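Colleague: Chain residues, written in single-letter form:
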Amino acid sequence: MKIGLEVHVALPTKSKLFCACSTTSEEPNSSICPICLGFPGSKPMLNKAALEYSLDVASALKCVSKNRTSFVRKVYFYPDLPKSYQITQLHDAIGVDGHLDLEKKRVRIRRIQLEEDPAKIIREDNYTLVDFNRSGLPLLEIVTEPDIASEDELREFLNELRSILYYLGVDIEKELKVDLNISVSDARVEVKNVTGIRNLVDAARYEIKRQEELVSKKQKIVAETRSYNEKSLKTDASREKESDEEYGFIYEPDLTFYKIEEKEREEPIIASRIAEAISKKYGCSKKTLLELVQFDSKALELLQHSQGKWPIQSIINVIEVLKRYESIKLSNEKFTELLEISKSGHQITDQIIKNVTSGSHVKVTVSDVSSEEIDEEIGKMIAANPKIMLEHEKNPKALNFIVGAVAKKLNASPRLVSERLGLVLKKGFKN
Amino acid sequence: MGGAKDSKKQKIEKVNYPKLLRELSKLNDELRFFTVINENVSEGVPFSVKDNLCVKGFESRAGSKILKGYLPPFSATSVERMMNKGFGFLGKTAMDEFGFGSFGVNTDVVAKNPFDDKCVAGGSSSGAAVAASVMKNHVAIAESTGGSISNPASFCGVVGFTPTYGLVSRYGLIDYANSLDKIGIMARSSSMVRETFEIIKGRDGYDSTCVDKKVSALKKKKIVVIDQLMNGVSEEIKSTFQVLLARLENQGYAINHVSFDFIDKAIPAYYIISMSEASTNLAKYDGYKYGMQYGDFTKKYNEFFTNARESFGTEAKRRIVLGTFVRGASVKDKYYTKALKVRTALTNKLAGLMKDSFILSPTMPITAPKIEEARKLSPLQTYAMDALTIPPNLSGFPHVSFPYAYIKGMPVGAQLVTSHFNDYALLDFVSEWEKSFEYQFKHNL
Ligand SMILES: [Zn+2]
Numbered sequence: 001m002k003i004g005l006e007v008h009v010a011l012p013t014k015s016k017l018f019c020a021c022s023t024t025s026e027e028p029n030s031s032i033c034p035i036c037l038g039f040p041g042s043k044p045m046l047n048k049a050a051l052e053y054s055l056d057v058a059s060a061l062k063c064v065s066k067n068r069t070s071f072v073r074k075v076y077f078y079p080d081l082p083k084s085y086q087i088t089q090l091h092d093a094i095g096v097d098g099h100l101d102l103e104k105k106r107v108r109i110r111r112i113q114l115e116e117d118p119a120k121i122i123r124e125d126n127y128t129l130v131d132f133n134r135s136g137l138p139l140l141e142i143v144t145e146p147d148i149a150s151e152d153e154l155r156e157f158l159n160e161l162r163s164i165l166y167y168l169g170v171d172i173e174k175e176l177k178v179d180l181n182i183s184v185s186d187a188r189v190e191v192k193n194v195t196g197i198r199n200l201v202d203a204a205r206y207e208i209k210r211q212e213e214l215v216s217k218k219q220k221i222v223a224e225t226r227s228y229n230e231k232s233l234k235t236d237a238s239r240e241k242e243s244d245e246e247y248g249f250i251y252e253p254d255l256t257f258y259k260i261e262e263k264e265r266e267e268p269i270i271a272s273r274i275a276e277a278i279s280k281k282y283g284c285s286k287k288t289l290l291e292l293v294q295f296d297s298k299a300l301e302l303l304q305h306s307q308g309k310w311p312i313q314s315i316i317n318v319i320e321v322l323k324r325y326e327s328i329k330l331s332n333e334k335f336t337e338l339l340e341i342s343k344s345g346h347q348i349t350d351q352i353i354k355n356v357t358s359g360s361h362v363k364v365t366v367s368d369v370s371s372e373e374i375d376e377e378i379g380k381m382i383a384a385n386p387k388i389m390l391e392h393e394k395n396p397k398a399l400n401f402i403v404g405a406v407a408k409k410l411n412a413s414p415r416l417v418s419e420r421l422g423l424v425l426k427k428g429f430k431n
Numbered sequence: 001m002g003g004a005k006d007s008k009k010q011k012i013e014k015v016n017y018p019k020l021l022r023e024l025s026k027l028n029d030e031l032r033f034f035t036v037i038n039e040n041v042s043e044g045v046p047f048s049v050k051d052n053l054c055v056k057g058f059e060s061r062a063g064s065k066i067l068k069g070y071l072p073p074f075s076a077t078s079v080e081r082m083m084n085k086g087f088g089f090l091g092k093t094a095m096d097e098f099g100f101g102s103f104g105v106n107t108d109v110v111a112k113n114p115f116d117d118k119c120v121a122g123g124s125s126s127g128a129a130v131a132a133s134v135m136k137n138h139v140a141i142a143e144s145t146g147g148s149i150s151n152p153a154s155f156c157g158v159v160g161f162t163p164t165y166g167l168v169s170r171y172g173l174i175d176y177a178n179s180l181d182k183i184g185i186m187a188r189s190s191s192m193v194r195e196t197f198e199i200i201k202g203r204d205g206y207d208s209t210c211v212d213k214k215v216s217a218l219k220k221k222k223i224v225v226i227d228q229l230m231n232g233v234s235e236e237i238k239s240t241f242q243v244l245l246a247r248l249e250n251q252g253y254a255i256n257h258v259s260f261d262f263i264d265k266a267i268p269a270y271y272i273i274s275m276s277e278a279s280t281n282l283a284k285y286d287g288y289k290y291g292m293q294y295g296d297f298t299k300k301y302n303e304f305f306t307n308a309r310e311s312f313g314t315e316a317k318r319r320i321v322l323g324t325f326v327r328g329a330s331v332k333d334k335y336y337t338k339a340l341k342v343r344t345a346l347t348n349k350l351a352g353l354m355k356d357s358f359i360l361s362p363t364m365p366i367t368a369p370k371i372e373e374a375r376k377l378s379p380l381q382t383y384a385m386d387a388l389t390i391p392p393n394l395s396g397f398p399h400v401s402f403p404y405a406y407i408k409g410m411p412v413g414a415q416l417v418t419s420h421f422n423d424y425a426l427l428d429f430v431s432e433w434e435k436s437f438e439y440q441f442k443h444n445l
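Each protein sequence line maps, in turn, to chains U and X. For the first sequence, counting from 1, position 362 maps to 362 in the numbering used here; every step adds exactly one. For the second sequence, counting from 1, position 48 maps to 48 in the numbering used here; every step adds exactly one.
Incorrect hints may appear among the rest.
Calculated Cβ distances over 12 Å to all of chain U for the following chain X residues [as the list claims (entries may be wrong)]:
#  : residue
1  : ARG61
2  : GLY172
3  : ASP207
4  : ALA217
5  : ARG247
6  : GLU277
7  : TYR288
8  : ASP356
9  : PHE421
10 : SER436
Computed cross-link-like contacts, DSSO-like style, restricted to lysine-lysine with a CA-CA straight-line distance of at most 30 Å [said to hold, decoys possible]:
#  : chain 1 : residue 1 : chain 2 : residue 2
11 : U       : LYS259    : X       : LYS299
12 : X       : LYS355    : X       : LYS219
13 : U       : LYS66     : U       : LYS48
14 : X       : LYS355    : X       : LYS338
15 : U       : LYS234    : X       : LYS300
16 : U       : LYS287    : U       : LYS394
17 : U       : LYS177    : X       : LYS289
18 : U       : LYS66     : X       : LYS299
19 : U       : LYS174    : X       : LYS338
20 : U       : LYS259    : X       : LYS341
21 : U       : LYS120    : X       : LYS300
22 : U       : LYS192    : X       : LYS299
FYI, nobody ran anything at the bench for these hints, they're computed from the structure. All values derive from a computational prediction rather than experimental measurement. No residue lacks a Cβ here, since even glycine has one placed at the ideal position from N, Cα and C.
Using the sequences and the hints, build the whole thing.
Modeller: What follows is the structure, encoded as structure tokens:
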């Protein structure tokens, strides 16, 4: 079984791909101009920030880029397309021949191209509305080779890709729009315009099952375009009118060739790779680490800053708690404070986080005390409280009093005191 | 008359607008060269704008019914620059629909030749040429894709200048074929052309193909005449052209006749590229966003836009169909891609020829034909009329058409071509020419 994807990602630029209109307006048709409405006489001007973002993605996905890029017109008639052609790329795409490595698989990237989003169609019962705010938003299309071979790989690929995009500054809260190409046998079936990870996986699962059933019944699979119905969770054959013949691509003559300057791009942050390295180094679970940092740059920063200085388990625990209380955005210093508190045996609570972040917490610093000093103090405490020694056989919690008192007196870590107490009791109390 | 002697003076000169508007309106009833006249203009040297250039708040429909009523929300950069310099916007001039034509007859407002109103004014910038011809003190902003400035300039006896592709911003131009469209100038004299060129050229943040190159004035001592270009030229024009060459030889130019077969490829390459681009440009006219409104929104979109697009004229429909065909995936390499290669090859060869020479030819193979005759020509016969103007247009070379003879009272123009960005050399040449040749005009508003 082979799955290939065409993933459409909205780039996080302030203005649209070919005009100065804002990309974030809410009210329908409030962010429009003659250019993104395709008015006669208007001409597109390329947003260089979009070009930069797409080159970053191409580089992170190890694509090869030519020294220039150019655009084409793809002609089709639809009310969401104000010029009746979409400005997209063909020959001189942003990048080609890249790859993205999964845990056990390399998925090849065929092509990455920059294009404009059509307007948004809003279908009502017996009429259709068009919101041109979306017209001209910068989209990056990432086309893979059909290298994905299972639902798990599909999910892993999507998460890996989203993580890379997230670390490049792309807003992954916006749903991905994906075309799925699935072939169980020879025939290639395209499921168009699926949005959201859950729908994608559901659509793929349904389509794989459908094709497998046809194969087992020895029926022919038709190479066709289908659409996914989110309600019925099924794919249906859709009538696709345009073909490459009719798109009639020509160079976009209003835009020139854009030189791509060769420059060192920053090494991309690949969270899964960092998680793997840390898990190997400290012997903890990669999965746990990845869950913390895959879509959380702050968590990754705290992890990288503190690794090696503190026990990895403490770091993981504190990050987990911070994420649970949605308090991950704190400084390295405050994070260190929390690690200290945690190490001293205290549970990190919502209240402690609040106190630490607001600075009102009385610092729980652990002084530098030797085990001899602790042992000595334990001895004194036991001597002063003989009753406890009699009770602790029946009730281990009775010892907590001694631990607490010693820790408080010496300003020592309760955990350490507890450890010493255990040893002292084992060796036998000598007085 | 040789136009203004001092361009600075022109601008101070007070124009009697009430009188001009009165006379213009009267003459326009006869010659039909303006589609819109701006009655509110009151000062500055008058300039007109070809109907395919947007002027904010003035109907701009590129000679097409489908854009009827379109009031652009912005002005073309060239128009804005003229207005900012204090020129008076006089109105929009007639043209073939979207520039598709050589005689100005492919539209509802058919401009007539000021020398003989039975004859065409040329095309596609028909109205602009008439406006430049009939007014003493006027510059017409026009546009050429394959010869739309040279052609009517020749038929109407004015100077028609098409700058190097990319020197004048196309922002606000209703596109015909974007890689070929060039905004240029028509006037009674090279000095008026030059003054206008200075104003409208130069980089524009709204057109990525517009450059800020330094324009040179490298005078060439040699003139190349390409044999193949003379093949379709009428005998009477051939003989006047020989006289012109003799005069130029007398003035010190060396005339070289060369054979250049490849130039015959220019017409098919031009029509393939221009129709390919045109068919995509015209795709946007679906009848609901601007221009003519097709109110019946109860129809399905496909039916709706198909109905709306019936408003295109015959030539526009022909170019949409042919242009869509030649860029279709299965034949694209045979036509569109090949035409692009021919253009590159032709450009290189012509550039080689022009290293130390100008290229000179008659502008048109004939003098202005009768309107009725022009209407009877087949599309292929019409396309052949562009044989002389297409090569420099296809390659983006600057060229100028200037009147050099009159045959039976009808003006005849010659077209001078030079290398990219050597535009001033052309204007210097014509300015020199004007010292020894007096242009004739029929009307003097
Ligand atoms: Zn816009």
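Colleague: Output the indices of the hints that this structure fails to meet, ascending.
Modeller: Hints 1, 2, 3, 6, 7, 11, 16, 18 and 19 contradicted; others consistent.
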